[in-house]
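Using the sequences and the accompanying hints, generate a full structural model.
In the working numbering, the protein residues as written are 2 to 604.
These are computed hints drawn from the structure, not numbers from a lab.
All of these numbers come straight from a predicted model, not from anything done at the bench.
By construction, the Cβ of each residue, glycine as well, lies at the ideal position given by its N, Cα and C atoms.
Careful: at least some of the hints might be erroneous.
[Unchecked claim] Calculated pairs, SDA-like style, for lysine to any residue (alpha carbon to alpha carbon, straight line, at most 20 Å):
| # | residue 1 | residue 2 |
| --- | --- | --- |
| 1 | 356 | 412 |
| 2 | 458 | 295 |
| 3 | 132 | 96 |
| 4 | 217 | 458 |
| 5 | 422 | 458 |
| 6 | 388 | 419 |
[What the hints assert, rightly or not] Between beta-carbon pairs, the in silico distance windows are:
| # | residue 1 | residue 2 | range |
| --- | --- | --- | --- |
| 7 | 95 | 561 | 53 to 61 Å |
| 8 | 189 | 467 | 20 to 28 Å |
| 9 | 153 | 268 | 48 to 56 Å |
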Amino acid sequence: MRFTRFRRLRSVLALAAVPLLGTGLFVPQAHAQDGPTVLRVALVQEIDHLNPFTASFASSTMVGRFAWEFLTLPSAEDATPTGGLAESWSASEDKLTWTFRIRDGVRWSDREPVTAHDAAFTFNRIMTDPKAAEANGSYVTNFARVTAPDDRTLVIETEEPQASMTALDVPIVPEHVWSGIRDMAAPETDSIEVVGVGSGPFLITEYRRNEVVRMKANPDYWRGRAEIDELQFVKFENADAAVNALRNGEIDFVNRLTQAQFDTLRGEPNIATNQASGRRYRELLMNPGARNSAGQPIGDGHPALRDVRVRRAIAKAIDPETLVEKVLGGYGELPGGLVPPIYADHHYTPPADKKYTFDLAAANRELDAAGYRRGPDGVRAGPDGRKLRFRLTARASEDYGLRATDYIAGWLDRAGIEVVKNLVSDNEVDETTSSGHYDLALSGWGTNPDPDYILAKQTCAALPATSGSSSSNAFFCDRTYDRLYQRQATELDPRRRAELVRQAQARYYEQVPSLVLGYDNVLEAWRSDRFSDFTEQPEGRGQIMEQTGYWGFYGARPADAATGADVGLPAGAWVAIGAGALLLLAGGGTVLARRRTPAEDRE
Numbered sequence: 002m003r004f005t006r007f008r009r010l011r012s013v014l015a016l017a018a019v020p021l022l023g024t025g026l027f028v029p030q031a032h033a034q035d036g037p038t039v040l041r042v043a044l045v046q047e048i049d050h051l052n053p054f055t056a057s058f059a060s061s062t063m064v065g066r067f068a069w070e071f072l073t074l075p076s077a078e079d080a081t082p083t084g085g086l087a088e089s090w091s092a093s094e095d096k097l098t099w100t101f102r103i104r105d106g107v108r109w110s111d112r113e114p115v116t117a118h119d120a121a122f123t124f125n126r127i128m129t130d131p132k133a134a135e136a137n138g139s140y141v142t143n144f145a146r147v148t149a150p151d152d153r154t155l156v157i158e159t160e161e162p163q164a165s166m167t168a169l170d171v172p173i174v175p176e177h178v179w180s181g182i183r184d185m186a187a188p189e190t191d192s193i194e195v196v197g198v199g200s201g202p203f204l205i206t207e208y209r210r211n212e213v214v215r216m217k218a219n220p221d222y223w224r225g226r227a228e229i230d231e232l233q234f235v236k237f238e239n240a241d242a243a244v245n246a247l248r249n250g251e252i253d254f255v256n257r258l259t260q261a262q263f264d265t266l267r268g269e270p271n272i273a274t275n276q277a278s279g280r281r282y283r284e285l286l287m288n289p290g291a292r293n294s295a296g297q298p299i300g301d302g303h304p305a306l307r308d309v310r311v312r313r314a315i316a317k318a319i320d321p322e323t324l325v326e327k328v329l330g331g332y333g334e335l336p337g338g339l340v341p342p343i344y345a346d347h348h349y350t351p352p353a354d355k356k357y358t359f360d361l362a363a364a365n366r367e368l369d370a371a372g373y374r375r376g377p378d379g380v381r382a383g384p385d386g387r388k389l390r391f392r393l394t395a396r397a398s399e400d401y402g403l404r405a406t407d408y409i410a411g412w413l414d415r416a417g418i419e420v421v422k423n424l425v426s427d428n429e430v431d432e433t434t435s436s437g438h439y440d441l442a443l444s445g446w447g448t449n450p451d452p453d454y455i456l457a458k459q460t461c462a463a464l465p466a467t468s469g470s471s472s473s474n475a476f477f478c479d480r481t482y483d484r485l486y487q488r489q490a491t492e493l494d495p496r497r498r499a500e501l502v503r504q505a506q507a508r509y510y511e512q513v514p515s516l517v518l519g520y521d522n523v524l525e526a527w528r529s530d531r532f533s534d535f536t537e538q539p540e541g542r543g544q545i546m547e548q549t550g551y552w553g554f555y556g557a558r559p560a561d562a563a564t565g566a567d568v569g570l571p572a573g574a575w576v577a578i579g580a581g582a583l584l585l586l587a588g589g590g591t592v593l594a595r596r597r598t599p600a601e602d603r604e
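Here it is in structure tokens:
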């Protein structure tokens, strides 16, 4: 597998406006000589919400990390906790009470002061409002009480010691804006009047769904104003169009490249590339019998998947090495537990006698022993006579889903399992998996430096109150796992906690409600003639976009020629370009494949 660090290139390219073939439109110039410095970032993933209480897609939470500051956040250097709104913090002797000292002089963008009362409001709203808990509820399940004795003191009392108190990935919002909102799922919670009031390094100034998110540098940001003036996330209908736009100078940064795109861009003039270990994992969900928090069945998953023997047989019938080498082109790492190798202290590597290895004969033997016999057509059926015919849901928009489903369907067919591919939109994948209306599904999640968040997604407490909630990842509910999760969550000794984290992942791996298929390398590219440097996390070997923080673009440094006015097409025109016209730019008018890659997974 490849893992090479590609150094940045730096040069200058002057671009004149050129006609867009067959459209009558014009491609905008890179930048004028005078005016604001604009960093244009291609976004091929959908945004579900800007409302930080309900945003679950990684693209959405990324925008939120720029707009609202946190109490603490992972540092750029090594992802260990560093101060945000909180300048200091301490735990009581019994480890049940945490006191955060809120930084003085920080203001919201409407000039109101940021106080401990804003933080207390944020956490209390999540604790008391199920809709507000949709994205970040797992962080507060152990909270007993949150108060603000004064403007600069926040006190959080917990039921049990909580090891993740310096890793609360919760944007703090202004109480004077959000306290008047009764319905956290209402459309107006995504309006600029609401989400435009922030305290982070950038402020949301415009949002047009499936078109553009514009953010301006916060002139009063407490760490100091960013070197760039404006940050734009421009929606493209497919990644090929975004890559083409990068080549032609219409955007400045692209991430989630396929290996073919990355290989093509590497070494091109005025384009720099970055390959890094990622914090995301890909998985195959196997519906273990979805139910809500009251224990009531929801969805329509195949009952055979409730049998752990069937799930283990599926795990043995899949070859992750082929998926990494053939589908990811070698730009990935082989799977283990839920925590990726970039967080080595908490990563789980299954021992040889526990590891699911690609063995179709073993998969067939396991299904035979479990009583699932082949019929005349070669498809197995359970004791109840129902055939093992599973829907495999995946995103039609991403290259990985399109190709991996073919491999998986072929392997399972050889085990006597019929697969019906169900390739749908990003939102449909999210809706069907979060409501339990699936059998098998390709999914994935971003993980944080602290493992508590991703582990909490697998607990019984994460089961949704109603169908459609995104609280739970795989509808897993196992008392043994829950006990291990609880022990790691309350263990403040780092070494003992790391061992418990690995034990919890081992239990999940054994019960296999989902199978981790691999960890993508992060593949990114940008215009080195306009931007000379970005901040990586961790420093020197990590990714730039979609960090567990805001360092990547906040630390963007313009190159000598990277200043100028934002001229050319209005942002709203980019969607039409991404959908069609830009496909004509490469290869003298050759039409590119109409695919996005990879589409959004949940955060």
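Taking the hints in turn, this is what the structure says about them:
| no. | hint | verdict |
| --- | --- | --- |
| 1 | 356 to 412 | holds (18 Å) |
| 2 | 458 to 295 | holds (17 Å) |
| 3 | 132 to 96 | violated (29 Å) |
| 4 | 217 to 458 | violated (34 Å) |
| 5 | 422 to 458 | violated (26 Å) |
| 6 | 388 to 419 | holds (8 Å) |
| 7 | 95 to 561: 53 to 61 Å | holds (57 Å) |
| 8 | 189 to 467: 20 to 28 Å | holds (22 Å) |
| 9 | 153 to 268: 48 to 56 Å | holds (52 Å) |
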